[in-house]
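Engineer: Heads up: the protein sequence lines correspond to chains A and B, in order. Read in the working numbering, the first sequence has 296 at position 296, and its numbers run on one by one without any break. Add 375 to the 1-based position in the second sequence for the working numbering, that's all there is to it.
Keep in mind that the hints were calculated from the coordinates and are not lab data. Just so it is clear, the structure is predicted and the values come from calculations on it, not from any experiment. Check the hints yourself; a few may be wrong.
Computed list of lysine to aspartate or glutamate pairs in DMTMM-like fashion (alpha-carbon distance at most 25 Å, straight line) [to be verified]:
#: 1; chain 1: B; residue 1: K457; chain 2: A; residue 2: D222
#: 2; chain 1: B; residue 1: K441; chain 2: A; residue 2: D41
#: 3; chain 1: B; residue 1: K441; chain 2: A; residue 2: D245
#: 4; chain 1: A; residue 1: K148; chain 2: A; residue 2: D222
#: 5; chain 1: A; residue 1: K146; chain 2: B; residue 2: D560
#: 6; chain 1: B; residue 1: K441; chain 2: A; residue 2: E97
#: 7; chain 1: B; residue 1: K487; chain 2: B; residue 2: D555
#: 8; chain 1: B; residue 1: K457; chain 2: A; residue 2: D41
#: 9; chain 1: A; residue 1: K148; chain 2: A; residue 2: D258
#: 10; chain 1: B; residue 1: K457; chain 2: A; residue 2: E48
#: 11; chain 1: A; residue 1: K70; chain 2: B; residue 2: D436
#: 12; chain 1: A; residue 1: K226; chain 2: B; residue 2: D436
#: 13; chain 1: B; residue 1: K441; chain 2: A; residue 2: E253
#: 14; chain 1: B; residue 1: K457; chain 2: A; residue 2: D60
#: 15; chain 1: B; residue 1: K457; chain 2: A; residue 2: E253
#: 16; chain 1: A; residue 1: K28; chain 2: A; residue 2: E126
#: 17; chain 1: B; residue 1: K457; chain 2: A; residue 2: E40
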Amino acid sequence: MLNFKRILLLLIVLSTPFLLSGCGAQNKLLVLNWGEYINEDVVALFEETYNVEVSISIGDSNELFYSRLKSGTTAYDIIVPSDYMIEKMMIKDLLQEIDFTKLSNYDPVGNPYLQGLQGIQATMLEGTEDYYVPYFWGTFGLMYNKDKAGLEQALETYQWQAYFDPAYRPTDTKTGMYDVAQFAFATAMIYNGIDPNEFSEDNLDLAFNTLTDAGFVMWADDQLKKSISSGSLDLAFVWTGDFLDMFYVALSEGQAYDSVSYNIFIPDTTLAFMDAMVIPYNARHVDLAHEFINWFLDPEMAYMNASTIGYATPLQNTYDMIVDYEGDDQWLNDWARAYMEYYEDTPDFTGIPLANLEQAQVNSLTLMVNNVKTN
Amino acid sequence: MTNYPVATVEEYGYKDYRVLQKIYKIFSIVAVLFIVFLLYISIIMLAIQSVNSSSDVLLFDTFTLKWYAQMFSTRSLTNAIKVTFVTSIVATSIATVLGTLIAVGIYSYEKKTRQKIMLLNNIPLLNADIVTGISLMFVFSLLLPIFPYIFGPTTLIMAHLFFTLPYVILSVLPKLKETDPNLMDAALDLGVGPYKALRKIIVPAIIAGIFSGMLLAFTMSIDDFVISYFTTGNGFDNLSVWVYASIGRKSLNPSVYAFSTLLTIMTLVIMFIYQSLMRRGKKHA
Numbered sequence: 001m002l003n004f005k006r007i008l009l010l011l012i013v014l015s016t017p018f019l020l021s022g023c024g025a026q027n028k029l030l031v032l033n034w035g036e037y038i039n040e041d042v043v044a045l046f047e048e049t050y051n052v053e054v055s056i057s058i059g060d061s062n063e064l065f066y067s068r069l070k071s072g073t074t075a076y077d078i079i080v081p082s083d084y085m086i087e088k089m090m091i092k093d094l095l096q097e098i099d100f101t102k103l104s105n106y107d108p109v110g111n112p113y114l115q116g117l118q119g120i121q122a123t124m125l126e127g128t129e130d131y132y133v134p135y136f137w138g139t140f141g142l143m144y145n146k147d148k149a150g151l152e153q154a155l156e157t158y159q160w161q162a163y164f165d166p167a168y169r170p171t172d173t174k175t176g177m178y179d180v181a182q183f184a185f186a187t188a189m190i191y192n193g194i195d196p197n198e199f200s201e202d203n204l205d206l207a208f209n210t211l212t213d214a215g216f217v218m219w220a221d222d223q224l225k226k227s228i229s230s231g232s233l234d235l236a237f238v239w240t241g242d243f244l245d246m247f248y249v250a251l252s253e254g255q256a257y258d259s260v261s262y263n264i265f266i267p268d269t270t271l272a273f274m275d276a277m278v279i280p281y282n283a284r285h286v287d288l289a290h291e292f293i294n295w296f297l298d299p300e301m302a303y304m305n306a307s308t309i310g311y312a313t314p315l316q317n318t319y320d321m322i323v324d325y326e327g328d329d330q331w332l333n334d335w336a337r338a339y340m341e342y343y344e345d346t347p348d349f350t351g352i353p354l355a356n357l358e359q360a361q362v363n364s365l366t367l368m369v370n371n372v373k374t375n
Numbered sequence: 376m377t378n379y380p381v382a383t384v385e386e387y388g389y390k391d392y393r394v395l396q397k398i399y400k401i402f403s404i405v406a407v408l409f410i411v412f413l414l415y416i417s418i419i420m421l422a423i424q425s426v427n428s429s430s431d432v433l434l435f436d437t438f439t440l441k442w443y444a445q446m447f448s449t450r451s452l453t454n455a456i457k458v459t460f461v462t463s464i465v466a467t468s469i470a471t472v473l474g475t476l477i478a479v480g481i482y483s484y485e486k487k488t489r490q491k492i493m494l495l496n497n498i499p500l501l502n503a504d505i506v507t508g509i510s511l512m513f514v515f516s517l518l519l520p521i522f523p524y525i526f527g528p529t530t531l532i533m534a535h536l537f538f539t540l541p542y543v544i545l546s547v548l549p550k551l552k553e554t555d556p557n558l559m560d561a562a563l564d565l566g567v568g569p570y571k572a573l574r575k576i577i578v579p580a581i582i583a584g585i586f587s588g589m590l591l592a593f594t595m596s597i598d599d600f601v602i603s604y605f606t607t608g609n610g611f612d613n614l615s616v617w618v619y620a621s622i623g624r625k626s627l628n629p630s631v632y633a634f635s636t637l638l639t640i641m642t643l644v645i646m647f648i649y650q651s652l653m654r655r656g657k658k659h660a
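Here chain A stands alone, though its shape is the one from the complex (with noise of 0.2 Å):
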């Protein structure tokens, strides 16, 4: 008797913790996403609206969204990678096509993609725009500063060949360049005219060449745009959305628009990227993903998403309505004035995302920016 007490007691205690893993985790929403890459206002929305948990884990790289969705020890929902890693992922087959027809406000015709972002898809694999919602896209630009005088008519004159060739900008202008070899590497192919993606022991030299050339003084990444608001550098290659974080950041401690010190310059054919929404292949709740894709394709949504959110929005509409504003609130002004500005709808601009290249690619890349910044 006390035996057969002794093994109830142990099966109970063994089989606690899974009947408790149970309960709670099924009616919930699964997300991965950037950090402070969604306004929590639009999600507690959605929440309401459909009366269900939203759950939003956060990954800092594309190849970590990749190792989480390998794994499977969650069945994400949602995940929100960046262009390359979708095609990667489509390749692998770990995403499930999207049901269009489940989408209400996806409407190509009269609430179209914005042109700098049909750009980037256009440049993607065949066969991918089955497979992901745009969420936000961005550029890379050059950040100068404004009191460097004759910097500003250079870039606009020379774009690329003021970054890269000393005599084409001001003498004892300052030039930094993010620390990471892909990056270096691409823009110099921009600069000379050939693919950024196409990786050879020819185009190897010829970067090694223009970024010697280029006389860069300052190898960092956050530093970058720190060291030009503080006029100790002239001119870098950043992230839009980074310059506008840190621009918007200054206009909220009461700087006025044209004060600031520092600007940057979009050059007609620059890195960009695309993030999207993508449904991975054991998704447990398709059709939830579905209407919270559809929840982010509202302008209205798209629109009060975007005000937190430093990357430029890919609906046509929400942008309309973003650069449109006429009223006297002073931030929604410099907001309208920075999107149109800095996020240009015109068919000029090209934006091209960068490849994922092989890892032996990447490590010839680094030994190649390695000898640049010894010499």
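Following the hints, put chain B in place on chain A, whose structure we already have.
Structural biologist: This is chain B only, laid out in the frame that chain A set:
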């Protein structure tokens, strides 16, 4: 009588070190202060940063407490903090109860067997976190076909249990050794049942060890990253996992500094309690 000059102490070889001693004393104080300062400079910087109104690390703007308030208005951060505490508190309480029982059980073995079991107990302590994390993830993922939602609270708490339990056992066992080996027999002779004897006699005798084990387990659990990183899922991210994922494209939300400062203060308080418990325990023994 010849008047010999009175010899001074110096002539006997005495050297007056009083001045030097003073200098040494001052020097040692300065040196200790300097070393302590160096040790704690990171924590001090963090605390300063948590009251800095500018999110720029290089620039101290004005004093503010807004990050402390914002900590609970950023939903994902609030959620992470909640998860951290839920996990740690649940795991610690289970570990304390189980660990005490296990320690009493181990103590009842003869010395040789006890030593063997203690070796097994120490392996999870000494094993690299990353090995523990990956192996636990592997074991849990074997259960995925039966329990598709197992990753999350269940696995995280079980994993925390896995590495906190040995700490409890390790701090309870020495206390048991200090008690009279005949205590249990005496209690049984006087007519209480074995469970009651455990509850009323043994546990009060080792309560200081239980508490110190509990506090140790709690501090271990609340700041764990590596094991949590591999064993969590379904959106149940604790703070360290959240912080790690946040440092991506954007700079860190300063509310993290605020929470870290609070956590440091809390850890200090716990360590203080732990110390005083140990001291009180020594006096009684």
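Engineer: Taken at face value, is the distance from the CA of A:E126 to the CA of A:K28 at most 25 Å?
Structural biologist: 33 Å, violated
Engineer: What's the verdict on B:K441 and A:D245, does the C-alpha distance respect the 25 Å limit or exceed it?
Structural biologist: 19 Å, holds
Engineer: Is A:K226 within 25 Å of B:D436, Cα to Cα?
Structural biologist: Holds. A:K226 to B:D436 sits at ~15 Å (cutoff 25 Å).
Engineer: Would the pair B:K441 and A:E253 pass a check requiring their Cα atoms to be no farther apart than 25 Å?
Structural biologist: 15 Å, holds
Engineer: Holds or violated: B:K457 and A:E40, Cα atoms, limit 25 Å.
Structural biologist: Since the Cα atoms of B:K457 and A:E40 sit roughly 17 Å apart, the hinted pair holds (cutoff 25 Å).
Engineer: Would the hint linking B:K457 and A:E48 be met if the CA-CA limit is 25 Å?
Structural biologist: Holds. B:K457 to A:E48 sits at ~22 Å (cutoff 25 Å).
Engineer: Please work out if A:K148 and A:D258 have their alpha carbons no farther apart than 25 Å.
Structural biologist: 15 Å, holds
Engineer: A:K146 and B:D560 were given as a pair; does the straight-line alpha-carbon distance stay at or below 25 Å?
Structural biologist: Roughly 86 Å between the alpha carbons, so the hint for A:K146 and B:D560 is violated.
Engineer: Hinted pair, alpha-carbon criterion (25 Å max): B:K487, B:D555. Please report holds or violated.
Structural biologist: Holds. B:K487 to B:D555 sits at ~20 Å (cutoff 25 Å).
Engineer: Are B:K457 and A:D222 close enough, with their CA atoms no more than 25 Å apart?
Structural biologist: 31 Å, violated
Engineer: Given the proposed pairing of A:K148 with A:D222, does the C-alpha separation stay at or below 25 Å?
Structural biologist: Answer holds: A:K148 to A:D222 is near 21 Å, not above 25 Å.
Engineer: Going straight from one Cα to the other, do B:K441 and A:E97 come out at no more than 25 Å?
Structural biologist: 44 Å, violated
Hint compliance for this structure: hints 1, 5, 6, 11, 15 and 16 are broken, all remaining hints hold.
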